[in-house]
Amino acid sequence: MITLIDGLSLGSIYALIALGYTMVYGIAKMLNFAHGDVIMVGAYAIMVTLSCSLSPVVAIIVSVVLCTLLGMIIEKLAYRPLRGASPLAVLITAIGVSYFLQGLAQIIFGAESKPVGSSWKLPAIPALNKHGITTAALVTLICGIIIMVVLTLFIKCTKTGSAMLAVSEDRGAATLMGVNVNKIITITFAIGSALAAFAGMFYLLQIPNAEPMLGAMPGITAFTAAVIGGIGSIPGAMVGGILLGVVEKFCLASPLSSYTVAVKFSLLIIILLVKPTGLLGKVSREKV
Amino acid sequence: MAMLEVRDLQVYYGMINAIKGISFDVNEGEIIALIGANGAGKTTVLHTVTGLVTPKTGSITFNGVNLLKIPAHQILSLGMAHVPEGRRIFQRLTVYENLKLGAYIMNDKKQVEKNLDYVYTHFPRLKERKNQVAGTLSGGEQQMLAMGRALMSNPKILLMDEPSMGLSPLLVTEIFSIIQEISKEGTTVLLVEQNAKKALSIADRAYVLETGSIVLEGDAKEMMNNDDIKKAYLGE
Ligand SMILES: Nc1ncnc2c1ncn2[C@@H]1O[C@H](COP(=O)(O)OP(=O)(O)O)[C@@H](O)[C@H]1O
Ligand SMILES: [Mg+2]
Numbered sequence: 208m209i210t211l212i213d214g215l216s217l218g219s220i221y222a223l224i225a226l227g228y229t230m231v232y233g234i235a236k237m238l239n240f241a242h243g244d245v246i247m248v249g250a251y252a253i254m255v256t257l258s259c260s261l262s263p264v265v266a267i268i269v270s271v272v273l274c275t276l277l278g279m280i281i282e283k284l285a286y287r288p289l290r291g292a293s294p295l296a297v298l299i300t301a302i303g304v305s306y307f308l309q310g311l312a313q314i315i316f317g318a319e320s321k322p323v324g325s326s327w328k329l330p331a332i333p334a335l336n337k338h339g340i341t342t343a344a345l346v347t348l349i350c351g352i353i354i355m356v357v358l359t360l361f362i363k364c365t366k367t368g369s370a371m372l373a374v375s376e377d378r379g380a381a382t383l384m385g386v387n388v389n390k391i392i393t394i395t396f397a398i399g400s401a402l403a404a405f406a407g408m409f410y411l412l413q414i415p416n417a418e419p420m421l422g423a424m425p426g427i428t429a430f431t432a433a434v435i436g437g438i439g440s441i442p443g444a445m446v447g448g449i450l451l452g453v454v455e456k457f458c459l460a461s462p463l464s465s466y467t468v469a470v471k472f473s474l475l476i477i478i479l480l481v482k483p484t485g486l487l488g489k490v491s492r493e494k495v
Numbered sequence: 482m483a484m485l486e487v488r489d490l491q492v493y494y495g496m497i498n499a500i501k502g503i504s505f506d507v508n509e510g511e512i513i514a515l516i517g518a519n520g521a522g523k524t525t526v527l528h529t530v531t532g533l534v535t536p537k538t539g540s541i542t543f544n545g546v547n548l549l550k551i552p553a554h555q556i557l558s559l560g561m562a563h564v565p566e567g568r569r570i571f572q573r574l575t576v577y578e579n580l581k582l583g584a585y586i587m588n589d590k591k592q593v594e595k596n597l598d599y600v601y602t603h604f605p606r607l608k609e610r611k612n613q614v615a616g617t618l619s620g621g622e623q624q625m626l627a628m629g630r631a632l633m634s635n636p637k638i639l640l641m642d643e644p645s646m647g648l649s650p651l652l653v654t655e656i657f658s659i660i661q662e663i664s665k666e667g668t669t670v671l672l673v674e675q676n677a678k679k680a681l682s683i684a685d686r687a688y689v690l691e692t693g694s695i696v697l698e699g700d701a702k703e704m705m706n707n708d709d710i711k712k713a714y715l716g717e
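The listed protein sequences correspond, in order, to chains P and Z. First residue of the first sequence: 208, per my numbering; consecutive thereafter. First residue of the second sequence: 482, per my numbering; consecutive thereafter.
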């Protein structure tokens, strides 16, 4: 039971990150490999804000705003000039942006891991904690679910949401409907990066240290989750993320614990062998 | 001045000269047919008019506005809607969601409801199937949806790219009579077709496009009786 809650909680962190990958892939048709590093920038933003003796609430706001802007700036400066370029050029640029952000963090903050600050913690809830459920896991799980519900409603019920779906399906037809495709892509990067900022916060509740490589492992795991769920599919990213989180926690609690990473990636291979489009991926309809 | 004026339009795809300096007019209230064989450049003309393709030279003016200065996504708000070749409806969305996207630029909710009623009156089948996923519609229904979607913003002019493509003769007749109704209700129509006979039967005037050039233009009824046209395009 505790393992399940821990797994769901870790899974919702992965899901939030995976949503960023999948939305950007679905709408901008590119793999944003710098996405994981946005989490790292968010973590440093929290560290710096707290070190100015500001409250964690201020730190949360600073982190979300900074990551959102960062996502929009990356899109504008690095990816927009490559609109229409070969996918390989875009992929290499994304990897370049990722190294750039990691290098920048290393220059500013050093390579070693630094504690984000003693005020970054949640109050104890004795009634739960004595059963082994941490407050962090519970808060992460509840907030994660709320964020995913809000995102789903946003996409389903707003004009911008349906424009996002339209652009992901047919950019030209969306343009004919009067949709400004560039604006929708910018919004997608903004939302994806804001989700990454939230994921970073929840991550810091479990491991309260910031380091330049912090985003790499959760990033790659969440990317795996997005592919398992079917890249481009929003419910797929949620399912894939939660699945990987649960698998990871159960593995860690079992005799297989030292093979956890291998198990996660084998899961990817097995699912892709059985269903190449991922669990909820759409078979792309070829036009005749 | 004509509603839509195209002058000396030249379009290239890399080295390929797809449109070789054509000019044509569409006056308010007309149905204009642009006919030609596969590969003649019909789709390229429509794509250039609505900004999806940039021409090398020439001018396109719509109600006095230079369209080449307007970003593609703003052209619909000038009153020009485009029903693209192959329909290109949003397959994963429902019929209703597709129609709502057709009214994406509209802020007046009451007007959107009115337009939805207008579309449902012309295409009652779309109303019956409003919650169906669009990808599961038949070809004829998809064409109706593409037209309905384009009508959701009450355009002044409707550009249609081969609405007859892949449809049975009965459905083609149905779609073409709806085009005539829409035209009578005040929407100007630029109709691109390979099916010259059908297109000429409802058009006021027509232009014949051959490998990127207009080789003939005139009154549609006269063209139907023109022997060259009969031989080349009407299969008689
Ligand atoms: N995207 C493109 N890239 C290169 N050539 C194209 C492209 N689209 C069309 N063409 C070429 O331009 C010419 C006109 O095509 P098109 O406008 O689609 O004709 P139509 O609609 O009359 O069948 C054809 O020779 C076609 O091969
Ligand atoms: Mg064509």
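These are computed hints drawn from the structure, not numbers from a lab. Take these hints with a grain of salt, some might be off.
[Claimed, not checked] With a straight-line Cα cutoff of 16 Å, these simulated EDC-like cross-link-like pairs (lysine to aspartate or glutamate) come out:
(1) Z:665 with Z:685
(2) P:363 with Z:691
(3) Z:665 with Z:691
(4) P:366 with Z:578
(5) P:366 with Z:589
(6) Z:712 with Z:691
(7) Z:637 with Z:489
(8) Z:581 with Z:598
Owing to the predicted nature of the structure, the values given are computational and were not obtained by experimental measurement.
Could you check the structure against the hints above and give me the numbers of any it violates, in ascending order? 2, 3, 7
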